[in-house]
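Trainee: The residues making up each chain are set out below.
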Amino acid sequence: MNQQATPLQEPGTGGVRWRFLLPLGLFAALLVVLFVGLVHSPEKNIIPSPLVGKAAPQFSIPNLVSGGTPVSSAALRGHWSLVNVWGSWCATCRDEHSTLLMIKQQGTVPIIGIDWNDTPANATNWLQQLGDPYQQVGEDPNGRVAIDWGVYAAPESFLINPQGVIVYKEVGEITPDIWREQFLSRINAAGGAAPPPATGG
Amino acid sequence: MFVELGHYALILAMLLAAAQAIFGLAGPALARERWMAAAPSAACGQFVFTALAVGVLIHAFISNDFSVRYVADNSNSALPLFYRVTALWGAHEGSILLWIFVLSAWTMAVVARLRHLPTEFGARVLGVLGVLSFGFLLFTLATSSPFARLFPTPADGASLNPLLQDPAFAVHPPVLYTGYVGFSVSFAFACAAMIEGRRDQLWARWMRPWTVMAWAFLACGIALGSWWAYYELGWGGYWSWDPVENVSFMPWLVGTALLHSLIVTEKRGLFKSWTLLLALAAFSLSLLGTFIVRAGLLISVHSFAADPTRGIFILAFLVIVVGGALLLYALRAPRMQSNAGFDLISRESFLLFNNILLVIAAAVVLAGTLAPDIAGALHLGTLSVGAPYFAPSFMVPVLPLLALLAVGIHARWKRGGLSHARRVILTTLVCALVIGLPLSLAVYGHPMPLAPVGAVLGAWIVLSSLVDPIDRIRRRLTLSASLVGMTVAHVGLGIFVLGITFVSSNSIERDVAMKPGQVAMVGDYAFRYEGVRDVTGPNFTAVRGTVTVTRHGQLVTVLHPEKRRFYVQDTEQTTAAIAPGLHRDLLASLGDDVGGGAWSLRLQYRPLIRLVWIGGVIMALGGMLAVFGRRQRGPATVPDAVPIAVARRTPA
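Chains as they are written, first to last, in this note's numbering: chain A, 863 to 1063; chain B, 5 to 656.
This is chain A alone, in the form it adopts within the complex (with noise of 0.2 angstroms):
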């Protein structure tokens, strides 16, 4: 009984019958819906802020640096910056790192970073751990300058003009190419961005 099984033949019948068929070309056709709809899914993700092309909500909050000055909405004015919202709680906040440093080292922007419900110590651990891509860090444990930002979830980013506007935002981790496509691409049609003013602290 354990013979290989052979499939009985009918005779007459050789062919595929073309209504057996259809169901595959259904599935065919939903295929490349699917995949048309995965292909622009990311487009799909983006969530309008009705922040965007709007002033920069304004703040002022103690600085992650004991005794330095308060970081606020000032610092945002005459150049191009990136507000960065972190926590040393968020996973891909640490991914999002190693761009932040990158975007450092090149210079084009300053970033400020917002701890987000966060504590100071976790923070200083972090940054002396991976390093320090921001100029300064303001502390919202409280998460008051987040909701006047609408931030959802960490990292958020927000790309501001000379004029203090913000002019994208990005949910979710900077990659060097979304660094590219999305900020520097930004920056560049307005005119490239201003030197940066010396860091100061």
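In short, the hints are calculated from the structure, not lab data.
Everything hinted at is true.
Under 10 angstroms between C-beta atoms, here's a sample of chain A residues computed to sit facing chain B: (1) L883; (2) W951; (3) L992.
Where a beta carbon is used, it is the ideal one built from N, C-alpha and C, also for glycine.
Go by the hints and put chain B onto chain A.
Mentor: Frame of chain A; chain B shown alone:
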């Protein structure tokens, strides 16, 4: 080190799945007895190592090992122990691991029942299941391992999405997946039958209990999900035609068609190719559900993953598995047909209409679910498809389906005519009219146009389903397990229809802004807002309101709606206060502080909403009764393989 063990266990499980696939499929093809005998052992090994991997990940969650990235992303030391365990399936990687584990558990169940199948057929079933396991294990190892490390280790995790910190959510995914993945067994049986080109209909008999089990689990899973959405999302909706809900509903609809079609194939040898196609479709839709939800193709409240590489992988997997199976179908199914006849008015044709209408219903849901993507892909702009499309279009096939059920349940096999049952049909219809019309017109009042129709149909289905069993009891005949199961399931459906009818046409919702001491009327119920105060939970702070509900001056209940703010993720969540009751639910949820001591509140009265879930669970119960009852009566499957092998070699 411990976590790496989990990773190695997954690799071993994948190799064993490959062995299971090769031995299971090549063994019968090359007539190697030892290969066939090795397939079950490989399946057992695969199960053990998959379980080990799950155990390791659970251990990482319990011990707060935030060096594991998945744990750091989805758990937190402030999270209660129970939710640290269920956080396992809180996101993509763990959900896929759960899927794999459930698949290997189903495979083990097949192994346990293997002696009821011919050796070759059983080996092929295991082989097909091995292909599926291998594909998913490769997927998880290549694109989404839950065991990836995070360095340096964060001090604490990001915590689980607060919406998912809920007992119903803790149980919902495992039950739902058990249903989804259960259709893989039907799929494997169908593939094995096609590979062998079987001309008999025994495969339908073997496939049926597995299909019914998967279908019952899926019904439970959907009901749990609906219940979860109802009280957890805070606004009293129990079904929103959300894509993630739809993708679990489509396999259920097709599965329902399949288990009816299987009856015809088993009993009369008809509809074979149709049954095979439904078995392939039910599992393909489950896979599609995974694709849609897990690849982030459709954005919805439930989905958490958006990663194109994963999508491409799943797409390739779909091409191989579903495309391969449909190709097999195109080649083999034409030869497996039989040409027995049946009259227009017979049980066969009623079940055929049942199938057609259920498939149309599934197609309606599929079209609505994919339409926004098709529109996006073709640059036709953003299209939003919601309840205004789904609810009426779904009615078109479903209302006739319900009416046909109430009539067709009295039809006999093969022989034509319903004249013998004319009296029963008319009596039950009159009784249903007597029950349904006053209920919807008088008791609940101001109905929508379809409410009386729904009420009568629901009552008619319950009554019609009870006719045959009562008749048999009166004549002191035995009731077979499948008749009991069928009756219970159909009564459940009737109850479900009644619930849906009343809750959708007689609910009352009011959005009000109230100051302490103010009263709002919702139907007969007076909701008096007493005020709010701050409370603290294990990992959240909350504003808790107090609403006293009275009816005709009598205290009914005191509701405490909450608005919670979770520390770690800093998210807010509205928790509705629900006073449940069999005949009605009362809900209050807190909106916002509108100033001056006033809060906005949503107050709701939802009649008979419990019947929706009770009906769903009764349907599932009917399925379980049919399967387990049948097993107790002795093996319904053929006890030993010899006669089957003979039967198969006899040209039909």
